[in-house]
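If you read the sequences in order, they're chains A and B.
Every letter in the first sequence is one number past the one before it in our numbering, and letter 58, counting from 1, is 58.
Position in the second sequence (first residue = 1) + 403 = our numbering.
Everything labelled a hint here was simulated from the structure, so no lab data went into it.
Among the clues, some could well be false.
What the hints assert, rightly or not - Pairs of lysine-lysine, DSSO-like flavour, derived with a Cα cap of 27 Å:
(1) A/Lys119 / A/Lys107
(2) A/Lys107 / A/Lys227
(3) B/Lys405 / A/Lys382
(4) A/Lys383 / A/Lys371
(5) A/Lys34 / B/Lys451
(6) B/Lys451 / B/Lys405
(7) B/Lys405 / A/Lys325
(8) A/Lys325 / A/Lys34
(9) A/Lys119 / A/Lys371
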Amino acid sequence: MASSAELVRPHPSHVPASRVHDFDFHDDPLYAQKGDMHDAFLHLLNHAPGMFWTPRNGGHWIILEHDLVAQAMRTPEIFSSVGQAIPAMQVDIVMPPIMLDPPEHAKFRAPLNKAFSPKSMHELSVSVRALAAELIERIAADGQCDFVSAISEPLPVLIFMKLMGMPTDRLADFREWVHQTLSNTPEREIAYGKVAELMAELIDARIRQPQNDLISRLIELEIDGEKLSRELLLGYCQLLFIAGLDTVVNGMSFAIRHMARNPVIQEQLRADPARIPDAVEEMLRRYPIAMPGRRVARDVEWNGIDLRAGDLVLMAMPAAHLDPKAFPDPQRFDLDRENVTHITFGTGVHRCAGSHLARIELQILYEEWLKRIPSFHMAPDKKERFHAANVLSIDYLPLVWNV
Amino acid sequence: MKIVIDRSRCVGHARCAAIDPELYILDDDGYIAGDGFDVPEGKEASAKRGARACPERVISVVEED
């Protein structure tokens, strides 16, 4: 996904040269150099200002420091969610509620809170566990697998597609589209179009015949006494498509990769499964995967930095959670870490609505995987593959174990 | 011991309830349901852990003596 030269823009006059650092979050050579995307962000923390301007992807800010990321996400009046894509989109797409600011945000957020509440998600546990067990049983006797295609892709994505009411036989197509919608290439707008077309078909089918799924519920939804416009309904569905198909996948992959490289953690959790919820939290802290964007709403001096209306800002969550000021010895996976109050799911009003589902899925995956698969390692003769965008993704994760 | 919650700043992480669902009651949307409570005897440690788990730092522990 090479970013084209026209996306490189010299820094504007309000940005001092001391705050400029060249980093392409979609495709920086540092990712390959380090062989690990999170290590690349750790490197940035040590070599770039805590908030800097990069000329890549149309030119934008990147916030690395934990304290600044948290502040920015809790200040939507400056860091707006409207038009947050980096590089900026050619076509205006409004995906409620993630691309709305308070006060409009709240009324579009409320229905998702209900649909994805801890209680509603808890009821899914049984089906998540059954699918996890089924997928793991399929490969347990092989002594090897690509963890992504065997487990971390089908498990959360199939659960989510069923919840939404999407045709599960098209998983492979949809995964390709979601990667395109997150890219910085012209394919991005085309993929958004494909998602919209698919969702329009599904919406029409549900209007004719409602089902027990999220799309049907969104069609019935009334906000301020009125049903959603077609455009907003599509925007909602586009958001859910992207949010549901490329997040937990990577949360699972990074966690299992870390365990594969650190067998002592596997042993510890097999011996004491009661520590799994703590392990899930510390792994979320160690490996955030989502990097949301924001757009500066007005000219303002913020923490001594001149910002101009329209400036785009990337919240580098992986860096924020490796910031030693917030988490001492940040690279260490530490089950007993004091104060693991990570904001991997974001902070402020846009806190990930799917976080409760994600936690349940991660917890069940750890339990079922560690129960069924003995000590596992990275395959010595194969190399994992990954790619970066607003979501850090592992595309291929070859594992081996003794059978 | 008392727990005081700035409910207006709760964004629904639900970490407090993950620590102790009997002390920290959530509403149907998964946000904190009350503004605080008197901690029953013997539940002090759990109440404190629940408060510490809040990423938004909206739960305070008030010690009385």
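Now the hints, each set against the structure:
no., hint, result
1, A/Lys119 / A/Lys107, "20 Å, holds"
2, A/Lys107 / A/Lys227, "13 Å, holds"
3, B/Lys405 / A/Lys382, "56 Å, violated"
4, A/Lys383 / A/Lys371, "26 Å, holds"
5, A/Lys34 / B/Lys451, "40 Å, violated"
6, B/Lys451 / B/Lys405, "10 Å, holds"
7, B/Lys405 / A/Lys325, "30 Å, violated"
8, A/Lys325 / A/Lys34, "22 Å, holds"
9, A/Lys119 / A/Lys371, "26 Å, holds"
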